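Protein chains: 2
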Amino acid sequence: MPAAVSPLALPLPELPPVGGVRLGAVEAGIRYRGRTDLMMAEFAAGTTVAGVFTQNRCPGAPVDWCRAALSGGRARALIVNSGNANVFTGHAGREAVKATAAAASGLVGCPARQVFLASTGVIGEVLPLERLTTALPALHAGLSEQGWEAAARAIMTTDTFPKAATRTARIGGEEVRLNGFAKGSGMIAPDMATMLAFVVTDAKLPAPLLQRLLSQGVEDSFNAITVDSDTSTSDTLLLFATGAARHPRVPPSGGAMLRAFRAALFELLADLALKVVRDGEGAQKLVRVDVIGAASRRSARRVALAIANSPLVKTAIAGEDANWGRIVMAVGKAGEPADRDRLAIAVGGVWMARQGSVVPGYDEAPVVRHMKGREIEITVDLGLGAGRASVWTCDLTHGYIDINGSYRS
Amino acid sequence: MPAAVSPLALPLPELPPVGGVRLGAVEAGIRYRGRTDLMMAEFAAGTTVAGVFTQNRCPGAPVDWCRAALSGGRARALIVNSGNANVFTGHAGREAVKATAAAASGLVGCPARQVFLASTGVIGEVLPLERLTTALPALHAGLSEQGWEAAARAIMTTDTFPKAATRTARIGGEEVRLNGFAKGSGMIAPDMATMLAFVVTDAKLPAPLLQRLLSQGVEDSFNAITVDSDTSTSDTLLLFATGAARHPRVPPSGGAMLRAFRAALFELLADLALKVVRDGEGAQKLVRVDVIGAASRRSARRVALAIANSPLVKTAIAGEDANWGRIVMAVGKAGEPADRDRLAIAVGGVWMARQGSVVPGYDEAPVVRHMKGREIEITVDLGLGAGRASVWTCDLTHGYIDINGSYRS
Numbered sequence: 001m002p003a004a005v006s007p008l009a010l011p012l013p014e015l016p017p018v019g020g021v022r023l024g025a026v027e028a029g030i031r032y033r034g035r036t037d038l039m040m041a042e043f044a045a046g047t048t049v050a051g052v053f054t055q056n057r058c059p060g061a062p063v064d065w066c067r068a069a070l071s072g073g074r075a076r077a078l079i080v081n082s083g084n085a086n087v088f089t090g091h092a093g094r095e096a097v098k099a100t101a102a103a104a105s106g107l108v109g110c111p112a113r114q115v116f117l118a119s120t121g122v123i124g125e126v127l128p129l130e131r132l133t134t135a136l137p138a139l140h141a142g143l144s145e146q147g148w149e150a151a152a153r154a155i156m157t158t159d160t161f162p163k164a165a166t167r168t169a170r171i172g173g174e175e176v177r178l179n180g181f182a183k184g185s186g187m188i189a190p191d192m193a194t195m196l197a198f199v200v201t202d203a204k205l206p207a208p209l210l211q212r213l214l215s216q217g218v219e220d221s222f223n224a225i226t227v228d229s230d231t232s233t234s235d236t237l238l239l240f241a242t243g244a245a246r247h248p249r250v251p252p253s254g255g256a257m258l259r260a261f262r263a264a265l266f267e268l269l270a271d272l273a274l275k276v277v278r279d280g281e282g283a284q285k286l287v288r289v290d291v292i293g294a295a296s297r298r299s300a301r302r303v304a305l306a307i308a309n310s311p312l313v314k315t316a317i318a319g320e321d322a323n324w325g326r327i328v329m330a331v332g333k334a335g336e337p338a339d340r341d342r343l344a345i346a347v348g349g350v351w352m353a354r355q356g357s358v359v360p361g362y363d364e365a366p367v368v369r370h371m372k373g374r375e376i377e378i379t380v381d382l383g384l385g386a387g388r389a390s391v392w393t394c395d396l397t398h399g400y401i402d403i404n405g406s407y408r409s
Numbered sequence: 001m002p003a004a005v006s007p008l009a010l011p012l013p014e015l016p017p018v019g020g021v022r023l024g025a026v027e028a029g030i031r032y033r034g035r036t037d038l039m040m041a042e043f044a045a046g047t048t049v050a051g052v053f054t055q056n057r058c059p060g061a062p063v064d065w066c067r068a069a070l071s072g073g074r075a076r077a078l079i080v081n082s083g084n085a086n087v088f089t090g091h092a093g094r095e096a097v098k099a100t101a102a103a104a105s106g107l108v109g110c111p112a113r114q115v116f117l118a119s120t121g122v123i124g125e126v127l128p129l130e131r132l133t134t135a136l137p138a139l140h141a142g143l144s145e146q147g148w149e150a151a152a153r154a155i156m157t158t159d160t161f162p163k164a165a166t167r168t169a170r171i172g173g174e175e176v177r178l179n180g181f182a183k184g185s186g187m188i189a190p191d192m193a194t195m196l197a198f199v200v201t202d203a204k205l206p207a208p209l210l211q212r213l214l215s216q217g218v219e220d221s222f223n224a225i226t227v228d229s230d231t232s233t234s235d236t237l238l239l240f241a242t243g244a245a246r247h248p249r250v251p252p253s254g255g256a257m258l259r260a261f262r263a264a265l266f267e268l269l270a271d272l273a274l275k276v277v278r279d280g281e282g283a284q285k286l287v288r289v290d291v292i293g294a295a296s297r298r299s300a301r302r303v304a305l306a307i308a309n310s311p312l313v314k315t316a317i318a319g320e321d322a323n324w325g326r327i328v329m330a331v332g333k334a335g336e337p338a339d340r341d342r343l344a345i346a347v348g349g350v351w352m353a354r355q356g357s358v359v360p361g362y363d364e365a366p367v368v369r370h371m372k373g374r375e376i377e378i379t380v381d382l383g384l385g386a387g388r389a390s391v392w393t394c395d396l397t398h399g400y401i402d403i404n405g406s407y408r409s
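Sequences listed follow chains A and B, in order. At position 107 of the first sequence the residue is numbered 107 (this note's numbering), and the sequence of numbers has no breaks. At position 49 of the second sequence the residue is numbered 49 (this note's numbering), and the sequence of numbers has no breaks.
Because the hints were derived from the structure by calculation, they are not lab data. Just to be clear, a hint being listed does not mean it is correct.
Derived DEER-like restraints, expressed as beta-carbon distance ranges [as the list claims (entries may be wrong)]:
# : chain 1 : residue 1 : chain 2 : residue 2 : range
1 : B       : Ala365    : A       : His91     : 36 to 44 Å
2 : A       : Pro13     : B       : Glu219    : 50 to 58 Å
3 : A       : Arg369    : B       : Glu130    : 32 to 40 Å
4 : A       : Pro360    : B       : Val368    : 53 to 61 Å
5 : B       : Arg297    : A       : Val5      : 40 to 48 Å
6 : B       : Arg342    : A       : Val5      : 21 to 29 Å
Pulled from the structure, derived: some chain A residues nowhere near chain B, Cβ distances all over 12 Å [said to hold, decoys possible]:
#  : residue
7  : Leu10
8  : Gly106
9  : Ala260
10 : Ala270
11 : Gly293
12 : Arg374
13 : Gly385
14 : Ala386
Note that the coordinates shown come from a computational prediction; the quantities given were computed from them, not determined experimentally. Glycine is no exception: its CB is placed at the ideal position from the N, C-alpha and C atoms.
Extracted from the complex, chain A is given alone in its bound form (with noise of 0.2 Å):
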């Protein structure tokens, strides 16, 4: 039975072609059936690519190939499936990537080595591979250049709705454009989560330039959400710049030119990573946490994820109550800097506790609405530092437990 659709979802965007690149979607029968699992996507000769994956220490297969891959800096074929990981599946699984990663090199007359992959699903399960080697020289025939809606539908897994933004910028005067799409659900959290994304540009720039971007583009989006803190081994980030766009040629280092490029690309990287949150698994709620105060940034960070973490907090807001205290106790968790006597809690914007109790006359009101809401901001001043963060994350539901305590059988 599939999970009713997340009420924080937003609509798909209508994607518009980009340069360079053509898409497409097919059933391999992987695991699912009467839906897609299987998208490709092939790009223009010249294509640069940029990367950025999981920090778990227990990476599946495919992360490992793109990570050796990425060291080329060109790509002329994307291949994901959903249904299987291929993540703890040892020689079998390096077998599966090598061949799949060969089949599709044969297709689009490339090397193998630019051809990236990625695999979401279950893991410990060996990779039906001749059924993805069998679909994929039908969907190569069919790929198109209005292939987005179907590339974000078959990589879905425990998602219940599609994950796509777009954006233009100006380069030098010449508009380019930016696609993108995702998957993620569970296993959501820095760095990064079971969280597939990739995003195509026809801007025109170097690999190193465009690893520098993502990079840092990384940090605000999908490095700043949380669903369950559990990391998956599957996390793929990648960035495609086809080049087919025609602006000036831009300098090594970027500079101004790129100011709206980049922009527009951070923009775009967080409303994907949003989005991911709105799908958390059995989210009702969307929760923001700021902290400020803090002794640094990074102090700032880990205080907003231990809050963003905490069982207690998020079943707290499932449940609609404004329980700061469980607020203080995951800042004081934290292990980071914090005076109970300086702290000071807000929700929704109104101030609840202030220099280590509750404000004199707090009046809830304001805040039971505000707990109703779809959309919980949590506000926490450490009254220390300069140092600030921002955290998204949902709350913790019964959903949860529906979804995780039965997603094999």
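Assemble chain B onto chain A, guided by the hints.
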């Protein structure tokens, strides 16, 4: 509506008197109705005391009080209330602690610094001090050597059963007794938990020696359990030695004469700690995680805690799914040295995965049977070194959400 008693509950053992201590409990009406919520113990003159406390940076006023009082090494009284944690209550909280200690010291006839205090319950609400001090004289008048069960019941909050343990040991040929009782159910994580535990022995031991024993004993007991990864602001474990037993003088180093006593104390601490996990909020299964082959003991413990705290592992156990893929994920997310291709995982003693993939010919049947039981055993061999650690936790169920989504209402 009170939650059903945990299916993992154990019966309360008969607690014999311990020389030098009298206990009791009353209904002070602090928060609950129709149940006791205030307990007191009075100790003989000369009683020594040791303690360990929460590492949370935002501790409650009673924790601050006890930390300071501990430097004297002497105790004559213990006062514990449930229903209100007196945490994040600022000046009023500090005054409440002082006034309670003053009232008790008047009744007992001792310095206020020999009164130890603990509070558990809601955070951030001012303790209704007058109810507490009003109830104290009658409570004190009714203390008895038989008051153990009453004491164990009065300190419960979301606990579904009272928790106590008793042991005997010999010191220099003379029998000594140890009785202990504890509370804790949610907000349980090292170091330590919304966990209060009090142990009394009639042994005669100097305070510094008592402290060394307790600090060692906590490592494999209260610091090896986790329910939800949330560390309370109130955790307090106190060990009192009344000196009523007539054993020969123990040298300051303890030495061989204390071997049996130390073993009995450590056993009693582990007994109490496991009872806390057995009453984990919503717990249906008790889970033991053994990590072996780690680079160090510290590393083993961190990996064990990553597994024990993973919402995805815990929900899989609730669903009776031996989902070792999620265990791989949790090992990898710990950030400790781990080599995917050396990793081995067993559930219920059956090795499912070894050297980076599923064991050839793996038969799930005995594991499926094990998962249907009440006590689950997970073993992870990292294959790197000699470090090992064990941690106990429980599954994550709908019950946890029920209890914590509506605690204050």
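So, going through the hints one by one against the coordinates:
no.	hint	result
1	B/Ala365 - A/His91: 36 to 44 Å	violated, 26 Å
2	A/Pro13 - B/Glu219: 50 to 58 Å	holds, 54 Å
3	A/Arg369 - B/Glu130: 32 to 40 Å	holds, 34 Å
4	A/Pro360 - B/Val368: 53 to 61 Å	holds, 58 Å
5	B/Arg297 - A/Val5: 40 to 48 Å	holds, 47 Å
6	B/Arg342 - A/Val5: 21 to 29 Å	violated, 42 Å
7	Leu10	holds, 25 Å
8	Gly106	holds, 27 Å
9	Ala260	holds, 37 Å
10	Ala270	holds, 24 Å
11	Gly293	holds, 14 Å
12	Arg374	holds, 16 Å
13	Gly385	holds, 15 Å
14	Ala386	holds, 19 Å
Hint compliance for this structure: hints 1 and 6 are not met, and every other hint is.
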